[in-house]
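*Asks:* What follows is each chain in one-letter form.
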Amino acid sequence: MIHLPSLRRKILQATLPQIALLSFLALLIIGSAIFIAARSHLSTLHENYADSVTVNLERNLDMTARQLHNIASNDLVINGLIDTQYRDYYLPLFIQSLQITQAPDVPLALFNYAGHPLLEKNWQVVPGEFDNVWQNDVLQELSLYTEISENGILIAAPIELAGAAEGALVMYLKSLEWLLNAPLNPATQLVVSEGGTILLSSRPALYPQGSYFDSTAQSGQFLYQKPWRDYQVISLEPITSAYSNVFWLIPVLIVSIALVLISALYSARLAANMSSASLRRLHRNLQQAARSSELPPRHPEKARELEQIHQAFTKLIQDVSLLSLSNNQFSDVIHSMQELLLVVDNDYQLLLTNQRGELFLQKYQLSPAQLFQSLVQDITESNAGYTAKYSRANEKVLHISWQLAPLQNKQGEFIGHVLVGEDITERLQLEYDIQVRNRAIEYASVGMTIVKTSSPSYPLEYVNQAFEQMTGYRKAELIGNNTYQMLCAQTTQQYADKILAKVLAGKKCEMTLQMRHKDGRLYYNRLSLTPLVDQDNVITHYLGIQQDVTAQHEAARHLEDARLRAEESTQLKSQFLASMSHEIRTPINGIYGMLEALKETRLNDKQARYVSLATESTSNLLHIINDILDFSKIEAGKLTIEQHDFNLAVMLRKIVAHYQVESRAKNVEIVLLEENCHQLVCGDPVRIRQIISNLLSNAVKFTEQGQITVSATLATTADGYQLSLAVSDTGIGIASHKLQSVFSMFSQADISTTRKFGGTGLGLSISQQLVELMGGTIGVESTPGEGSTFRVSITLHGPKNPQLPDTDSTTSLTLREDHLHSELKILLVEDNEINRIVATELLQGYDITIAEDGEQAISQLTHGQSRFDLILMDCHMPVMDGFEATRRIRAGQAGEDYQHIPIIAMTANAMSGDKEQCLEQGMSDYISKPFSTQEITDMMNKWQQKISSTTSI
Amino acid sequence: MLLLVRLILLSVVLVFGRGSAQATEQPPVIIGLDADMSAVAVEGGKAIKQGALLAIAEINERGGVLGRPLQLKIMDHRGNPARGINNIKTLAEQPNLLAVLGGVHTPVALAELPTIHEHEVIYLGPWAAGTAIVDNGYTPNYVYRLSVRDEEAAKVMLKHASQRGFKTVGLVLERTGWGRSNLASLQQYSQDYGITISHVSWVNWRQKTFIEEIQAQTSANPDALITVVNAPEGVMIAKAVLQEQPNIPIISHWGLAGGSFASVLGSEKLQQLDLTILQTFSFHQKRQPAVAARVLQAYREKFDSQASADSIRAVVGLAHAYDLVHLIALAADQANSLSAPAVAEALENISGYAGLIKHYQQPFTRERHDALYADDYFMAVYNQQGGLTPFTMNTLATGDGQ
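Keeping their order, the protein sequence lines are chains S and P.
Counting from 1, one number per residue, gives the positions in the first sequence under UniProt numbering.
Counting from 1, one number per residue, gives the positions in the second sequence under UniProt numbering.
The following block holds chain S by itself, in its conformation from the complex (with noise of 0.2 Å):
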């Protein structure tokens, strides 16, 4: 018994291995237990990855595929399928302007019912292998087709008419890629084949597109994948990164685990010497009292206490029993309360709990104890509460709000917790729901506001981001305020005040009002306002959804232009070009030189009335023929513009000098300023010159006095030329409400214009179309009684062959001006205008200048700018006829130059012996009038031989 071992030695004895080897099991339990949790952790996470990856790319699939269907069942799309006459306008307008992606160049197609191919865009590029996959689902079973293959994906759409498909809308995507945005997170997610093939990358640097990917050789990844559709989805991260989180927990572990086993040692230790030395004592009281055989007198601490826990027992018994009822009572209200009530001693021994909180210990297997010392730090610290999680499997999480009261005696002595916890699970639902509706909401792609009504001033009370967008307005600017003055820019109070007022009934409104950015800019925005009631049906609010439709609205501006364009022209066309031919204008002329034959003979005064109307009745027939002749010609898409060297200082001299001579007979003078223009340019010289005299000819036409003035410049542009051109008149002038529609067919200013004026009216329309396609501008400007300005702005090229002679106008007049014909020039001398128009129009092509008699003619060539080849001389003329004019050149007085210039008689006079007349005085040869074009193009080849052999020698 001596040799016993010590109570002290003995504990630390039994204790110290047992303590080592439960550290040591500690340390493996934890050790693994991380490992484990990490691990599943980390397969959590990859899968959320590789979830989030297959939603997103189902969603965006899914969203795809729904816009090629609402653009399905658009109803311009279906009326195309019907319209077949017109839809060309339309369709192919409708489909090239779609976007249906962020990626660019869809290809797109429009099928009909049959499945064959109507309209195509960028459709080369899709394989082959997607030609006949989708029609059976699309076409017969009405069903939109989604195809994702390596080589793409082709979503197709039915377009359907009362429960079948009157065709389909098809797109292809090339890649995966445009339908998922990059995931945010640090590992690589792919989209793999069953070959192997990667589909999509979201790390394309190190895994690349296309490219092969071996699912079995990744040591050193962690890896996750899972199917989805055909194909694999798989998540990857490198080992040491993914585990990287939980590595720095090993030292942390370690280092814990030494000193709990040094502070069990000390505690063992410890408890050992107070127990051995209080055992010691009693042992020594015990022997005491043993050797007295009388109890041994009471130790008065001992005793005191002894005594007052007596007494205090007594008393706790008979408090309890008065307690007992009101303890029910009280018993009953801690058990209904929804919150869950625990109070412990400092010990954190459960004194007291409701239903609640016992239930919530049981089900999530907390000791009082772990619950208060996983809280007690939070709470006390922050001395406000404090929210925990809870889980189970397969159960929701649970939220409590905590709340830590002190428990004290009367004595106000600490003597325990008193912990209170509210469930609030649900109001943290409802508020995270409240949440995402507000981001949905303030990042919807439509702009959203919320206008107070109940405020006289309807102040805007809340704009989510696309509005700020939209307007360029940021909230802090909009929000409070009444915004109508600053956004609608062209509403009127008037309509703003009637739809409010429709709003505020409680109608919802929808509309399209025209408004201004911040930046100054129109835009049209589609509006829908909806009327927001209050529980008391009351309207406090309305709501704007708004968005800028500015594209849409124009798209469909251009279509409605399109189509009036093609409608009227189709109407024109029907009307007018079955009747009128090419061919309709030779008969025409052969009809002019009959009535100025007619018109020589012997008449009367009635027939001589009669045949001046038919003549002037046939001038403005020929004159509209040209018109429309032209005009279906642009119309038809016919119309080429060519592109030919010339000089356009020549060319306005010229035109000028044709109109010189009708607008002097008015008294009125044409001036000429040109700048800069002894260019050689390239460009299309006939057309210039038809859009040119096309104004002129208004010009004259419809000035009776003052000057009428041709301004041209010529400006050099990066590529070319800049030609500004314009024409002023002092005419009659054209009132500001009709200046837009003189461009527009058979418009002239108005009616009783043309009763006056005569013409088609195409004239201006045919000018305005050949600038366009020329790619330049037309305009007008005017004031009524003042006159009119017309301005055209066309490009043209530099010269094809820059070595020919440019710049020198008397060097360029030997130039020729355009390319159509013949380089002889002639000089058309006669009296009468409506044979002056036959022989302009049967030598079409040639340089024709104009005398309207002999004396005229002796000046244009003694004072003209131009060198004449031949001319064509009237005999019978008022002021000098053709014998005298004849006689004169041939003696000289129009220079030495000009003596023996052929001189071709026109005669109406067929008759035997005048050719001999002719000839006698002086004229080279003879041709009698009406002739046709073949005649008097024979007689004009005949003599270009002739003057160009002769001058080759």
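Rather than coming from a laboratory, the hints here were simulated on the basis of the structure.
If you're wondering where the values come from, they're calculated on a predicted model, not measured in any experiment.
Glycine residues also receive a C-beta, built at the ideal position from the N, C-alpha and C atoms.
A hint or two may mislead.
[Stated by the list, open to error] Distance windows between CB atoms, simulated:
#1 Ala114(S) to Gln187(P): 34 to 40 Å
#2 Arg664(S) to Arg368(P): 56 to 62 Å
#3 Gln469(S) to Ala92(P): 55 to 61 Å
#4 Ala114(S) to Ser263(P): 51 to 57 Å
#5 Asn122(S) to Arg368(P): 49 to 55 Å
#6 His737(S) to Lys269(P): 38 to 44 Å
#7 Gln187(P) to Gln535(S): 54 to 60 Å
[To be verified] Quick list of in silico lysine-lysine cross-link-like pairs, PhoX-like style, CA-CA up to 20 Å:
#8 Lys507(S) to Lys452(S)
#9 Lys208(P) to Lys239(P)
#10 Lys825(S) to Lys946(S)
#11 Lys498(S) to Lys452(S)
#12 Lys502(S) to Lys518(S)
#13 Lys239(P) to Lys507(S)
#14 Lys508(S) to Lys239(P)
#15 Lys452(S) to Lys502(S)
#16 Lys208(P) to Lys508(S)
Here the structure of chain S is known, so what remains is to put chain P in place on it, guided by the hints.
*Replies:* Coordinates of chain P only, in the frame set by chain S:
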């Protein structure tokens, strides 16, 4: 002379009539029906089919055509021109084809013209009214119509508007060849009736709302609207009108009657509208009382024992098809051939035929391929049963036939 011709014709008919009894082995003669049987103008297609079947039953009862039974082959084009063209090609391959009856839709008929003439198929128009279907520029022209002609329809609608004292009208037209055909005619003749066109709205097939357009129309302040649309678009327009401008009178081309306009819109809404609609035939009109009674009786026996004079939907299609089938059968018998040029010539020379719609002096000539003109048309209103009864100024006085 006339008597002689009649005797010869009679003997031909007798010879073939007698022959028919023992010649039932011969393959039947086919009349094709190329119409919308299932999409947007089903009532029109059904009425045309019924009219054709009634005539065919009568013809077969008296011995058929060329002594052979006559049969109807139905092809559905659903209002889609592409399907229609395919139908004409299929029918043209039939060895015993006499002619093809068309359907309600002008755009389909217009699109089929090249195929019709390429295959030399006689095309009988019992409905589609586009002027250019008949005035198509083809020589020979194989299209014959016993129906409304838009050019004439415009006159009737404008005249109706003028009689009711309207000065300005807004036009609502479908965006197809049919709509354009009517725009041309309405613009051409409006002045003649002292009427100004205030605004033109175009409607797409399957458009979803007409509210903005009706607002635009309203702002031009017209006395009435003239509409040229089919039933589905008609319903959409009617709803918009009821919402925005319920009192404005609507003068409608007959496209509404080709589909289920009345049944879809519903009796209540129909009664709120001031709507008159162009028609060519009604069992109420007693132009040919004996024929009408006979056909109505046959209709009751064959299709609907409860049918009344105004209960048959799209009745114009029935009447047109009935007269057309009789006329083409008569022409084939007179030509003694199924060859299109021969039958066409015979068709152009029929004189004095007592049809269901009227007594035709000469239904067609070489130059005139339309059998009905403005004098044959009238305006009608929907009664409470959704049937159509002729409009009179009295109807107006007693409240639109309600």
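*Asks:* All the hints need checking, so say for each whether the structure fits it.
*Replies:* Tested hints:
Between Ala114(S) and Gln187(P) the CB atoms are about 37 Å apart, so this pair conforms to the stated range of 34 to 40 Å. Separation of Arg664(S) from Arg368(P) is about 57 Å and conforms to the stated range, judged on CB atoms against 56 to 62 Å. Checking the proposed 55 to 61 Å range against Gln469(S) and Ala92(P) shows it holds: the Cβ atoms sit about 59 Å from each other. Taken as a hint, the range 51 to 57 Å is violated for the pair Ala114(S) and Ser263(P), whose Cβ atoms sit roughly 31 Å apart.
For the pair Asn122(S) and Arg368(P), the beta carbons lie near 51 Å from each other, so the given range of 49 to 55 Å is met. The hint said 38 to 44 Å for the Cβ distance between His737(S) and Lys269(P), and at roughly 42 Å that hint holds. For Gln187(P) paired with Gln535(S), a C-beta distance near 57 Å keeps the hint of 54 to 60 Å intact. Only pairs whose Cα atoms come within 20 Å are accepted, and Lys507(S) paired with Lys452(S) is accepted, the gap being roughly 16 Å.
Of the supplied pair hints, the one linking Lys208(P) and Lys239(P) holds, its CA atoms being roughly 11 Å apart against a limit of 20 Å. About 14 Å separates the Cα atoms of Lys825(S) and Lys946(S), which keeps this hinted pair within 20 Å; it holds. For the proposed pair Lys498(S) and Lys452(S), the alpha carbon gap of about 17 Å is at most 20 Å, so the pair holds. For the given pair, Lys502(S) sits about 28 Å from Lys518(S) by alpha-carbon distance, which is inconsistent with the 20 Å threshold.
Only pairs whose Cα atoms come within 20 Å are accepted, and Lys239(P) paired with Lys507(S) is accepted, the gap being roughly 17 Å. For the hint pairing Lys508(S) with Lys239(P), the CA-to-CA distance comes to about 17 Å; that is within 20 Å, so the pair holds. Taking the CA atoms of Lys452(S) and Lys502(S), the gap is about 15 Å. The hint holds against a cut of 20 Å. The hinted pair formed by Lys208(P) and Lys508(S) meets the criterion: a straight-line CA distance of about 17 Å does not exceed 20 Å.
The structure fails hints 4 and 12 (numbered hints given earlier, in ascending order).
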